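Q: Spelled out, the chains give:
Number of protein chains: 2
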Amino acid sequence: MLIKDAGGEFALIQRLSRIIPSNHDTIVAGIGDDAAVIKINPKDDQYLLVTTDTLVANDHFKTVWAKPEQIGIKTIECNVSDIAAMGGIPTYMFISLVLTPKTTVEWTERLYSGMALSCKKHNIITAGGDTTHGEVEVISITLLGTVSSKNLCLRSQAQPGDWIAVTGALGASSAGLNLLSRDLPVSSYLLEKHLSPHCRLDAAQHLAPIVNAMIDISDGLSSEINHICFQSKVGAQIFAESIPLHPDVIEAGKTLGQAPIDFALNGGEDYELLFTIAPENFNKLKQTGLKYYIVGKITDTEEGCYLITESENKIKLQGGYNHFT
Amino acid sequence: MLIKDAGGEFALIQRLSRIIPSNHDTIVAGIGDDAAVIKINPKDDQYLLVTTDTLVANDHFKTVWAKPEQIGIKTIECNVSDIAAMGGIPTYMFISLVLTPKTTVEWTERLYSGMALSCKKHNIITAGGDTTHGEVEVISITLLGTVSSKNLCLRSQAQPGDWIAVTGALGASSAGLNLLSRDLPVSSYLLEKHLSPHCRLDAAQHLAPIVNAMIDISDGLSSEINHICFQSKVGAQIFAESIPLHPDVIEAGKTLGQAPIDFALNGGEDYELLFTIAPENFNKLKQTGLKYYIVGKITDTEEGCYLITESENKIKLQGGYNHFT
Chain Z
113 MLIKDAGGEF
123 ALIQRLSRII
133 PSNHDTIVAG
143 IGDDAAVIKI
153 NPKDDQYLLV
163 TTDTLVANDH
173 FKTVWAKPEQ
183 IGIKTIECNV
193 SDIAAMGGIP
203 TYMFISLVLT
213 PKTTVEWTER
223 LYSGMALSCK
233 KHNIITAGGD
243 TTHGEVEVIS
253 ITLLGTVSSK
263 NLCLRSQAQP
273 GDWIAVTGAL
283 GASSAGLNLL
293 SRDLPVSSYL
303 LEKHLSPHCR
313 LDAAQHLAPI
323 VNAMIDISDG
333 LSSEINHICF
343 QSKVGAQIFA
353 ESIPLHPDVI
363 EAGKTLGQAP
373 IDFALNGGED
383 YELLFTIAPE
393 NFNKLKQTGL
403 KYYIVGKITD
413 TEEGCYLITE
423 SENKIKLQGG
433 YNHFT
Chain F
113 MLIKDAGGEF
123 ALIQRLSRII
133 PSNHDTIVAG
143 IGDDAAVIKI
153 NPKDDQYLLV
163 TTDTLVANDH
173 FKTVWAKPEQ
183 IGIKTIECNV
193 SDIAAMGGIP
203 TYMFISLVLT
213 PKTTVEWTER
223 LYSGMALSCK
233 KHNIITAGGD
243 TTHGEVEVIS
253 ITLLGTVSSK
263 NLCLRSQAQP
273 GDWIAVTGAL
283 GASSAGLNLL
293 SRDLPVSSYL
303 LEKHLSPHCR
313 LDAAQHLAPI
323 VNAMIDISDG
333 LSSEINHICF
343 QSKVGAQIFA
353 ESIPLHPDVI
363 EAGKTLGQAP
373 IDFALNGGED
383 YELLFTIAPE
393 NFNKLKQTGL
403 KYYIVGKITD
413 TEEGCYLITE
423 SENKIKLQGG
433 YNHFT
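In order, the protein sequence lines correspond to chains Z and F. Position in the first sequence (from 1) plus 112 gives the number in this note's numbering. Position in the second sequence (from 1) plus 112 gives the number in this note's numbering.
For the record, the hints were derived by calculation from the structure and aren't laboratory data. There could be a bad hint or two in this list.
Same chains, same label: a pair holds when it works inside one copy or across any pair of copies.
Said to hold, decoys possible - Straight-line alpha carbon distances no greater than 30 Å define the calculated DSS-like cross-link-like pairs of lysine-lysine that follow: (1) K403 to K214; (2) K345 to K366; (3) K174 to K214; (4) K179 to K116; (5) K116 to K428; (6) K262 to K214; (7) K151 to K232; (8) K214 to K426; (9) K179 to K155; (10) K233 to K151; (11) K366 to K151; (12) K151 to K262; (13) K262 to K155; (14) K403 to K366; (15) K174 to K116; (16) K409 to K428; (17) K398 to K366; (18) K233 to K398; (19) K116 to K426; (20) K174 to K428; (21) K426 to K179; (22) K151 to K214; (23) K214 to K409.
Computed from a predicted structure; not experimentally measured.
Sequences are here, hints too, so could you generate the full structure?
A: Next comes the structure, spelled out in structure tokens:
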């Protein structure tokens, strides 16, 4: 049976986690959050965070569109974004590269230069790695991080009554990718958002002590809010007209004959943060000085996970971007 | 410039480590050992070990030869082998899978069943992972481990005067691979050694307190002894007639018209341990009850790294298996 016929990526992950379960006293959160959270030392207030991400040439990056430096930056930023979403800071990184007989030294060095820029920005120490050969370039990053128990933000911590907010405009990366794929002109804003996204580590550090659940938007708003609903056993309402969209995303929608909101809901790779916050913490949120956009509210689980349109229609929010379907 | 024209894998790693250096107070060993060694907590006697390994379909495993369970076992064993060679024990594992649109659910579940067997055997806790799609299957494993400072074995700890020993017969995996590649009959011993190798974690635990340098034989004896010479700034003499070879490896040499010792020197994936030990610790080695084979001795760095043949010829030992050349 092909993976798509078995329900796609998330159904497969559920099957696999029955074969190798991820449960142990020391695992605070395992498969199912942005990063694994491990209580290495029972006496220590700091948890170890671990995230891994694999990018495959032609699938996750295209060497014809992206400069190697941009690929390097994106690779690190999407991993840091996972650590940020847990409320943590990144510490040690391990790079595992698959290179092909046609990969040049120059390309690889420029890839590393991009990685070096992001590592420097986030104070990440590169501690090891592995280089091997294959038919297609693969970049696999393991990033460790650390978080104190009071700053830890899990997907499972949303509460009915919480407001749902995001840290920035959504859909730009996906709109850029769609235009690129069709050989259409792309604005520099959309191109930058797609090729060199920057994660919101600083914002996450300010948010971590005051929010309930937090997640980074790597697979689209619809997918992320479904993760939070599933893990927190809550429902959600997202207000369509509140989703922040950049004018270039609206323009891309017109060009492509697509509702711009689709890029935000079902696109991905925005690497903004989605968080839920109790109304009583709103003043603290304002005091951070961060930009944020309220996009919905957390409800009871029976109410399901819905998009509320301007005309007050309710549309069920599906899982968003799903590999293999 | 292609990687092979720039001197291959090790020259590339040196270039890349200039762009992203791996030096920090807390890194006891970084790029250049089997696993990275990090002193997470300055007050703690335990170090964190981290190793990552990436296996690419068609390159590192062939789905026509190997059952998915065997691929699963091999993936875990080769990572545990890296932790074992540091004197450590494995703790937490993270699996990052790239699957193709043609990968079946059954294959993936059987792969996981193989992994589960090895994880159970070595008490490894699976703490997270990532599943994505690509053109070719890629299995990337990150394995954490722990080691006390007194058990830590680095490649850089060999001393002139040490004896060099290995924990078992060598060359079987490579001989099996060579026969398989030429569609020739393969004995069950060689097939098992190639398709389902088992790492020597138990042996490593007994050796760690009494040896100087230790490394696992993943790229061939010649490559591993060169790593030790380079990191320890020593020379080495390997006695050709002392290298342990199974009768099936000798037979494979005859069939393939190749010196059987070549499989041991330049093959790889044996996952036995190579260690250096001071003569005064020999009694302790005997007391462990482990099988071991003395294959050479550590000399001063000026003496270089040589194979001494039965007729007392000296042959310079090259780097062994090198990706991209």
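Q: The structure should be examined with respect to each hint, and the outcome stated for every one.
A: Tested hints:
1. Taking identical chains as interchangeable, the C-alpha atoms of K403 and K214 are never at most 30 Å apart, the minima being 45 Å within one chain and 44 Å between chains.
2. When the C-alpha separation of K345 and K366 is checked against a cutoff of 30 Å, the pair qualifies neither within a copy, at 37 Å, nor between copies, at 65 Å.
3. In this assembly of identical chains, K174 and K214 lie within 30 Å of each other by CA distance both inside one copy and across copies; the values are 15 Å within and 21 Å between.
4. Taking CA atoms no more than 30 Å apart as the test, K179 paired with K116 passes between copies only; the shortest distance there is 22 Å, against 32 Å inside one copy.
5. With identical chains, the CA atoms of K116 and K428 are at most 30 Å apart within one copy only, with a shortest distance of 21 Å there and 53 Å across copies.
6. When the C-alpha separation of K262 and K214 is checked against a cutoff of 30 Å, the pair qualifies neither within a copy, at 48 Å, nor between copies, at 44 Å.
7. Taking the closest pair of Cα atoms, K151 and K232 come within 30 Å of each other both inside a single copy (27 Å) and across two copies (21 Å).
8. In the homo-oligomer, the alpha carbons of K214 and K426 never lie at most 30 Å apart, since the shortest distance is 51 Å inside one protomer and 36 Å across protomers.
9. In this homomeric assembly, K179 and K155 never come within 30 Å of each other (Cα to Cα): the closest approach is 46 Å inside a single copy and 44 Å across copies.
10. For the homomeric pair K233 and K151, the shortest alpha-carbon distances inside one copy (27 Å) and between copies (23 Å) are both at most 30 Å.
11. In this homomeric assembly, K366 and K151 never come within 30 Å of each other (Cα to Cα): the closest approach is 49 Å inside a single copy and 54 Å across copies.
12. Proximity of K151 to K262 under the C-alpha cut-off of 30 Å is found in both arrangements, the shortest distances being 13 Å within a copy and 24 Å between copies.
13. Taking the shortest alpha-carbon separations for K262 and K155, both the intra-copy value of 15 Å and the inter-copy value of 23 Å come in at or below 30 Å.
14. In this assembly of identical chains, K403 and K366 lie within 30 Å of each other by CA distance solely inside one copy; the values are 27 Å within and 73 Å between copies.
15. For the identical chains of this complex, K174 and K116 are neighbours both inside a copy (24 Å) and across copies (23 Å), given an alpha-carbon limit of 30 Å.
16. Only within a single protomer do K409 and K428 lie at most 30 Å apart by alpha-carbon distance; the minimum there is 15 Å, versus 70 Å between protomers.
17. Taking the closest pair of Cα atoms, K398 and K366 never come within 30 Å of each other, the shortest separation being 34 Å inside a single copy and 78 Å across copies.
18. Taking the shortest Cα distances, K233 and K398 sit within 30 Å of each other inside one copy (26 Å), while across copies they are farther apart (52 Å).
19. Proximity of K116 and K426 under a CA criterion of 30 Å is satisfied intra-copy only: 27 Å inside one chain copy versus 59 Å between copies.
20. In the homo-oligomer, the alpha carbons of K174 and K428 never lie at most 30 Å apart, since the shortest distance is 33 Å inside one protomer and 43 Å across protomers.
21. When the C-alpha separation of K426 and K179 is checked against a cutoff of 30 Å, the pair qualifies neither within a copy, at 42 Å, nor between copies, at 48 Å.
22. For the homomeric pair K151 and K214, neither the shortest alpha-carbon distance inside one copy (43 Å) nor that between copies (38 Å) is at most 30 Å.
23. Taking the shortest Cα distances, K214 and K409 never come within 30 Å of each other, neither inside one copy (50 Å) nor across copies (40 Å).
Of the numbered hints listed earlier, those contradicted by the structure are 1, 2, 6, 8, 9, 11, 17, 20, 21, 22, 23.
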